[in-house]
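> Sequence:
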Amino acid sequence: MLFYSMYKRTAIRLLSLLALFLTEPCLSALSSHELYVMLQNNGFSPKREVLSGTLSLLFPYNIILSFGPETAPEALYFETGQNALDDEELLRAFIEFGEYLRAEPPEYRVEIVFTVESVTSQVSEGIVTFIESVDSTVPAAVIRVLPANGERPLKGEAAFIRTGSRNRLSPPWLLQDTIAALDSAGIPWVMETAFLSLFRIGWMADNPILDAFFTGDIPAIEVRLPSGESLPEGVKTSAFLKEQMRRYYPDRSREWDRHYSFFRLGSRYFFVHERILILLMILVTGITFFILFMFSFIFGIKQYDYRNDFKRTWYLIPVIFLINCLSLYLGQELTFRFFSVRYGTADGWRQYPYLAFALKGAITYLIFTLVMLIQRFFRFPRDSYIYGFLVNITCLMNILVFTIMDFSLVILFVAEYILSLLFSKVRSFVSILLVGTAMLIPFLFFGNEALRAGNIYALESLFAGSLAENAAISFILIPIELFIIRLLVKTGRFGRKRIVRVPVFPVLFIGISAALVTALFMLPQFTERSPQQIAVSEQRITSVNMQTEANIFLVIPVPGGRTLQVAAGENRTEMTADMHMKVPVPAEDISGGERRLSVTTSENSFLDRKRVALEINSELIPLRINVTVYREAGYAIFDANYPFIVRGTGNIGEFTLEEKPPLPLTIEFTTEGEADIYVSVVLHSLENPDRVLVTAVEGEDTVKQDFLYKEERLFHFPGRETADIR
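To convert, count from 1 in the sequence shown and add 1; that's my numbering.
Accuracy of the hints is not assured; some may be wrong.
Calculated cross-link-like contacts (lysine to any residue; reagent style SDA-like; alpha-carbon spacing at most 20 Å) [stated by the list, open to error]: (1) K491 to S544; (2) K243 to Q376; (3) K48 to A73; (4) K426 to F311; (5) K237 to A181; (6) K312 to Q376; (7) K491 to I542; (8) K426 to L441; (9) K711 to L441; (10) K237 to L423; (11) K705 to E688; (12) K661 to K243; (13) K491 to K661; (14) K48 to P106; (15) K491 to F506; (16) K711 to P665; (17) K711 to G674; (18) K711 to T601; (19) K711 to D609.
Distance windows between CB atoms, simulated [said to hold, decoys possible]: (20) R380 to F430: 30 to 40 Å; (21) R49 to M547: 51 to 61 Å; (22) L58 to F607: 40 to 50 Å; (23) I283 to L58: 50 to 60 Å; (24) L608 to M547: 44 to 54 Å; (25) R530 to E108: 45 to 55 Å; (26) V647 to L445: 55 to 65 Å; (27) R49 to T650: 54 to 64 Å; (28) L281 to S134: 36 to 46 Å.
Quick caveat, the hints were computed from the structure, so don't treat them as lab data. Keep in mind that this is a model prediction, so the values were computed, not measured. Beta carbons: idealized from backbone N, C-alpha and C, even for Gly.
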């Protein structure tokens with residue numbers, strides 16, 4: 002009867018798969034085995050690549066379609082996640098592309114790799130296994146292709162190109178080929194940001210998968226393609242894959258210009274490569290030294306006055322820099338204090354990041370203007386020319402400082418410097434104001450793009466910056482502050498005066514700071530658009546003597562005055578402090594725990610060894626299952642049917658199983674026959690069987706919870722001597 006039921010289930014499954022293959026390509030979520038069979042039924046010869054953490058085909062595995070000469074060292078990889086094949090257009094595109102490669106084999110090796118994706122971490126074992134299989138010493142490149150899924154911008158109406166991670170970028174030739182392939186296929190495209198410097202200075206979100214490829218010295222780029230209905234009529238996604246393959250020249254994969262810039266003007270775009278940037282830097286430096294140290298002080302009827310004025314003002318540059326650093330530090334700390342009072346944690350600034358940034362700026366300049374009141378006790382030159390000359394010096398300093406951070410920033414700061422040369426020559430108040438304002442324009446474009454594309458990452462560096470980041474901001478501010486000083490000198494408001502006037506700027510920034518602090522405490526703490534993030538985990542432990550204890554952990558503290566309600570089934574508790582609660586488990590619920598994590602154990606002995614078998618099952622969908630074997634002394638595990646790692650002195654053995662384990666899962670291992678061992682089996686699941694829910698008393702939609710269910714069962718396998726004594 003058992004065999005009949007097993008064969009009946011198998012037959013039903015095969016018939017279901019057959020019906021699926023006879024229609025359109027599978028549109029529902031595919032397991033690795035279902036995808037493998039589907040590719041076989043489409044006439045391909047897929048290869049299976051087991052993950053290094055399981056070495057088993059029972060777990061999900063990578064699937065590879067290979068075309069072209071097998072012995073060719075050059076390769077182009079098209080990689081996508083198996084979950085991405087839920088997208089009908091993308092699945093059909095890969096099938097059509099594979100059929101094209103099968104009909105017209107390429108001169109070099111082309112592989113389509115369907116990797117196993119991770120639920121918890123962005124870099125799955127499937128990606129890691131794939132990277133380990135790529136030989137980075139031979140020409141190769143990876144095109145990571147995914148569905149757009151409504152990603153910003155344009156909500157999936159155009160291809161979305163991701164060309165880097167924080168501090169790293171795809172090589173320019175790969176980006177150029179990708180753009181040309183999209184254009185040739187008739188697919189509109191947008192980039193995550195056109196200012197590639199934002200990646201190199203760390204103002205963009207991490208892309209861990211691209212970063213993993215870059216760390217392995219593998220050129221890679223990510224393209225998120227729009228759905229079929231979003232494409233222009235007659236345009237196919239597979240056309241992009243074909244064009245990308247045709248444009249690939251393996252010899253270029255060794256070239257990796259890491260400091261290039263990209264610009265797009267309407268439908269036209271162009272690249273500025275590292276060599277051009279170096280030539281620009283050399284040219285600007287040479288002209289600068291020639292102008293500054295030859296013409297400024299040697300020629301002209303006022304050369305003696307200019308030298309005198311420079312001796313009396315040069316120290317403004319280091320003094321302003323130090324005041325900037327002090328003001329930024331104090332402004333940041335005070336802003337943190339305000340948000341800590343309001344939200345109970347300094348990270349509360351993430352609820353209103355733009356408000357936090359504005360408040361830091363207002364407090365910073367309040368402190369700066371108060372400290373700068375000391376200028377009233379000193380005499381400064383009345384000729385405004387020397388202050389324009391100081392702006393030239395600081396702009397040149399910025400070129401040198403910021404090209405060390407990222408060489409492609411030379412374009413931005415050279416533009417500022419060229420305008421500063423004009424700024425130092427003009428004399429009238431209006432022309433000084435116009436040219437000085439024009440110096441800010443390059444930074445306004447750069448800042449706008451940083452806040453649009455990088456958003457929280459750019460704001461984090463600007464608002465919650467380190468000492469080095471605040472020092473960098475200080476350098477940028479010096480030319481702006483010297484520009485304002487020149488205006489004040491022109492109007493007679495800088496330096497010692499007989500008439501004591503009301504300090505306008507400190508009063509202005511006191512008002513702005515007070516208004517922003519008032520807004521902070523008047524705005525709601527959390528909203529539906531920006532809810533409080535709560536990490537919730539329910540943990541159940543069943544000990545060796547079958548006693549069950551359940552706990553619910555909430556790892557985010559509640560802000561002062563805020564009350565949250567925690568519900569677990571029929572139990573409800575209100576929390577107003579750091580939250581940790583225990584939920585009592587009724588006696589009848591223990592059997593439910595058995596259904597959530599069922600472990601059947603068996604053991605038998607042979608010679609001087611003991612073989613232990615664990616059959617693990619659950620009614621929940623498991624995210625991961627961890628099995629750990631403990632022993633007081635000696636090796637806990639000799640060998641097993643799955644990979645494991647050894648900890649301590651060998652007395653701890655841990656099975657390194659990957660996500661999405663099969664059920665039932667059988668773990669078998671051998672140990673010493675006389676060993677007294679304990680085994681821990683832990684199930685992790687994203688399901689919420691007890692309906693644990695955290696809500697705000699004043700509004701349910703102002704809390705967003707991430708839930709993780711964890712069930713642990715402990716087992717004791719006594720050694721022979723221990724068993725005999727008992």
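> Hint by hint, say whether it matches the structure.
Now for the hints, and whether the structure bears them out:
no.: 1; hint: K491 to S544; verdict: violated, 81 Å
no.: 2; hint: K243 to Q376; verdict: violated, 67 Å
no.: 3; hint: K48 to A73; verdict: holds, 17 Å
no.: 4; hint: K426 to F311; verdict: holds, 16 Å
no.: 5; hint: K237 to A181; verdict: holds, 15 Å
no.: 6; hint: K312 to Q376; verdict: holds, 16 Å
no.: 7; hint: K491 to I542; verdict: violated, 76 Å
no.: 8; hint: K426 to L441; verdict: holds, 18 Å
no.: 9; hint: K711 to L441; verdict: violated, 54 Å
no.: 10; hint: K237 to L423; verdict: violated, 52 Å
no.: 11; hint: K705 to E688; verdict: holds, 16 Å
no.: 12; hint: K661 to K243; verdict: violated, 33 Å
no.: 13; hint: K491 to K661; verdict: violated, 71 Å
no.: 14; hint: K48 to P106; verdict: holds, 17 Å
no.: 15; hint: K491 to F506; verdict: holds, 17 Å
no.: 16; hint: K711 to P665; verdict: holds, 18 Å
no.: 17; hint: K711 to G674; verdict: violated, 31 Å
no.: 18; hint: K711 to T601; verdict: holds, 19 Å
no.: 19; hint: K711 to D609; verdict: violated, 36 Å
no.: 20; hint: R380 to F430: 30 to 40 Å; verdict: violated, 22 Å
no.: 21; hint: R49 to M547: 51 to 61 Å; verdict: violated, 41 Å
no.: 22; hint: L58 to F607: 40 to 50 Å; verdict: violated, 28 Å
no.: 23; hint: I283 to L58: 50 to 60 Å; verdict: holds, 59 Å
no.: 24; hint: L608 to M547: 44 to 54 Å; verdict: violated, 32 Å
no.: 25; hint: R530 to E108: 45 to 55 Å; verdict: holds, 53 Å
no.: 26; hint: V647 to L445: 55 to 65 Å; verdict: holds, 58 Å
no.: 27; hint: R49 to T650: 54 to 64 Å; verdict: violated, 37 Å
no.: 28; hint: L281 to S134: 36 to 46 Å; verdict: holds, 41 Å
When each numbered hint is compared with the structure, violations occur for hints 1, 2, 7, 9, 10, 12, 13, 17, 19, 20, 21, 22, 24 and 27.
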